[in-house]
Amino acid sequence: DTAVSQTPKYLVTQMGNDKSIKCEQNLGHDTMYWYKQDSKKFLKIMFSYNNKELIINETVPNRFSPKSPDKAHLNLHINSLELGDSAVYFCASSRAGQTPYFGPGTRLTVT
Amino acid sequence: KQEVTQIPAALSVPEGENLVLNCSFTDSAIYNLQWFRQDPGKGLTSLLLIQSSQREQTSGRLNASLDKSSGRSTLYIAASQPGDSATYLCAVFNNAGNMLTFGGGTRLMVKP
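Quick note, the sequences are listed as chains A and B, same order.
If you count the first sequence from 1, position 85 lands on 85 in the numbering used here, and the numbers rise without skipping.
If you count the second sequence from 1, position 34 lands on 34 in the numbering used here, and the numbers rise without skipping.
Pulled out of the complex, with its shape left as it was, chain A reads as follows (with noise of 0.2 Å):
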């Protein structure tokens, strides 16, 4: 009965390889996010997605591409992949202006 949950909770990749997260909300929200935090904790909106629209993309490199196969997915692909993309990555989703329920994060280490 997980609100929001994300896959993989790890993710350790060379340098130049492309990676997927996936995201899954069963709360029948139709707004959902992705955020990054880095290694200084600071989370940044990187997409928001509403009813699979995007309605948000707060100039993130177009290696990482959302996609929004329906309301209740958000992934998140990234291409060529560099050091400087290791963070935690957390999927979010609410109702628009409500509170967001974050998923539990995925752990992206590029080396």
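Heads up, some of the hints might be wrong.
Straight-line C-alpha distance at most 27 Å; calculated DSS-like pairs for lysine-lysine [claimed, not checked]:
#1 A:K40 - B:K111
#2 A:K9 - A:K36
#3 A:K22 - B:K42
#4 B:K68 - A:K44
#5 A:K71 - A:K52
#6 B:K1 - A:K44
#7 A:K67 - B:K1
#8 B:K68 - A:K71
#9 A:K41 - B:K42
#10 A:K22 - A:K40
#11 A:K44 - B:K42
#12 A:K9 - B:K68
#13 A:K52 - B:K68
#14 A:K40 - B:K1
#15 B:K111 - A:K36
#16 B:K1 - A:K41
#17 A:K41 - B:K111
#18 A:K52 - A:K40
#19 A:K41 - B:K68
#20 A:K19 - B:K42
#21 A:K71 - B:K111
#22 A:K67 - B:K42
#23 B:K111 - A:K22
Covered stretches of chain B, as calculated for chain A (at least 3 residues, CB under 8 Å) [unchecked claim]:
#24 20–34
#25 93–106
Per label pair, the in silico range of CB-to-CB distance [unchecked claim]:
#26 A:K40 - B:T26: 13 to 23 Å
#27 A:S5 - B:A96: 25 to 35 Å
#28 B:N18 - A:E82: 24 to 34 Å
No lab work stands behind these hints: they were computed from the structure.
All values reported here derive from a predicted model rather than from experimental measurement.
Just so it is clear, CB atoms sit at the ideal spot from N, CA and C, and this is done for glycine as well.
Got chain A; can you put chain B on it based on the hints?
Chain B in isolation, oriented as in the chain A frame:
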């Protein structure tokens, strides 16, 4: 562009103390303000949500206030306990309610 700042960045107190965490934001056109808690290696847990029309919210030993016109919020924790040790994050929703901007957090340590 909205910027959210939290002071102090880190705080260490003995058990039982009352404490105040501060949050400021640059754009007062917000939908609401929220306080979250993050434990090491974990996701975020929502603590309190204050709508833009409200002045404060309370939950147990926690009280959050909002002064929208001055761009400030405080989180008051009464009678702190070691279990309160965590990072506390302040975040504001933009007017459209589709973008949440976070502060850098206050890392709190409550010593027994």
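Tested hints:
1. A:K40 - B:K111: 23 Å, holds
2. A:K9 - A:K36: 14 Å, holds
3. A:K22 - B:K42: 17 Å, holds
4. B:K68 - A:K44: The given pair, whose Cα atoms are some 22 Å apart, holds under the 27 Å limit.
5. A:K71 - A:K52: Given that 27 Å is the threshold and the Cα spacing comes to 6 Å, the pair holds.
6. B:K1 - A:K44: 13 Å, holds
7. A:K67 - B:K1: 26 Å, holds
8. B:K68 - A:K71: Violated, at about 33 Å.
9. A:K41 - B:K42: 12 Å, holds
10. A:K22 - A:K40: 24 Å, holds
11. A:K44 - B:K42: 16 Å, holds
12. A:K9 - B:K68: 37 Å, violated
13. A:K52 - B:K68: This hinted pair is violated, its Cα atoms lying about 32 Å apart.
14. A:K40 - B:K1: Within the cut-off at roughly 21 Å; holds.
15. B:K111 - A:K36: 30 Å, violated
16. B:K1 - A:K41: Roughly 20 Å separates the two Cα atoms, so the pair holds.
17. A:K41 - B:K111: 22 Å, holds
18. A:K52 - A:K40: Judged against 27 Å, a Cα distance of about 31 Å means the pair is violated.
19. A:K41 - B:K68: 26 Å, holds
20. A:K19 - B:K42: 22 Å, holds
21. A:K71 - B:K111: Answer violated: K71 of chain A to K111 of chain B is near 44 Å, above 27 Å.
22. A:K67 - B:K42: Holds, at about 25 Å.
23. B:K111 - A:K22: With Cα atoms ~38 Å apart, K111 of chain B and K22 of chain A exceed 27 Å; violated.
24. 20–34: holds (count 3)
25. 93–106: That given contact holds, which follows from 10 residues of the segment 93–106 of chain B lying within Cβ reach (below 8 Å) of chain A.
26. A:K40 - B:T26: 13 to 23 Å: Distance hint for K40 of chain A, T26 of chain B holds at roughly 20 Å.
27. A:S5 - B:A96: 25 to 35 Å: Taking Cβ atoms as reference, S5 of chain A and A96 of chain B lie about 27 Å apart, which means the hint holds.
28. B:N18 - A:E82: 24 to 34 Å: At roughly 45 Å between Cβ atoms, E82 of chain A and N18 of chain B fall outside 24 to 34 Å, so the hint is violated.
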